[in-house]
Amino acid sequence: MTWVFNHTGQALILAMLLHTSVNNFLSIAWSEVFPTLSDSTPKLAFLLASVTAAGILLVVTRGRLGCPPAIPSTSGTE
Numbered sequence: 207m208t209w210v211f212n213h214t215g216q217a218l219i220l221a222m223l224l225h226t227s228v229n230n231f232l233s234i235a236w237s238e239v240f241p242t243l244s245d246s247t248p249k250l251a252f253l254l255a256s257v258t259a260a261g262i263l264l265v266v267t268r269g270r271l272g273c274p275p276a277i278p279s280t281s282g283t284e
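Heads up: the sequence shown begins at 207 in the working numbering, then just goes up one per residue.
Calculated from the structure, these hints are not laboratory results. Every residue gets a Cβ at the ideal spot worked out from N, C-alpha and C, and that includes glycine. Check the hints yourself; a few may be wrong.
Claimed, not checked - Computed Cβ-Cβ distance ranges for the label pairs, DEER-style: (1) T280 - L232: 44 to 50 Å; (2) V239 - M207: 20 to 26 Å; (3) R270 - K249: 17 to 23 Å; (4) T214 - V257: 22 to 28 Å; (5) A217 - T280: 28 to 34 Å; (6) G269 - L218: 21 to 27 Å; (7) V210 - T280: 28 to 34 Å; (8) T280 - H213: 26 to 32 Å.
Input sequences plus hints: build the corresponding full structure.
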């Protein structure tokens with residue numbers, strides 16, 4: 207969600223929509239798509255997928271998650 211926020215020009219509404227879509231998918235769609243799974247299996251699968259995706263994003267973005275690098279300040283004191 208941080209990556210989406212940073213890559214959309216800090217559009218909070220898009221990060222909120224992503225958060226809502228994840229919540230709705232887990233609470234509504236998952237049980238309809240996979241009705242034979244127990245309650246703990248989807249949670250574990252989502253946890254593993256989220257950790258994997260976060261790890262890949264951290265490696266690809268070198269920890270910046272789309273945030274531009276900080277510009278060093280010139281304070282004038284020498």
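Hint-by-hint comparison with the structure:
1. T280 - L232: 44 to 50 Å: Taking Cβ atoms as reference, T280 and L232 lie about 48 Å apart, which means the hint holds.
2. V239 - M207: 20 to 26 Å: At 23 Å between Cβs, range holds.
3. R270 - K249: 17 to 23 Å: violated (30 Å)
4. T214 - V257: 22 to 28 Å: 23 Å Cβ-Cβ, so the 22 to 28 Å window holds.
5. A217 - T280: 28 to 34 Å: At roughly 31 Å between Cβ atoms, T280 and A217 fall inside 28 to 34 Å, so the hint holds.
6. G269 - L218: 21 to 27 Å: Hint holds: Cβ distance 22 Å, inside 21 to 27 Å.
7. V210 - T280: 28 to 34 Å: holds (32 Å)
8. T280 - H213: 26 to 32 Å: Distance hint for T280, H213 holds at roughly 28 Å.
The structure does not agree with numbered hint 3 stated previously, though it agrees with all others.
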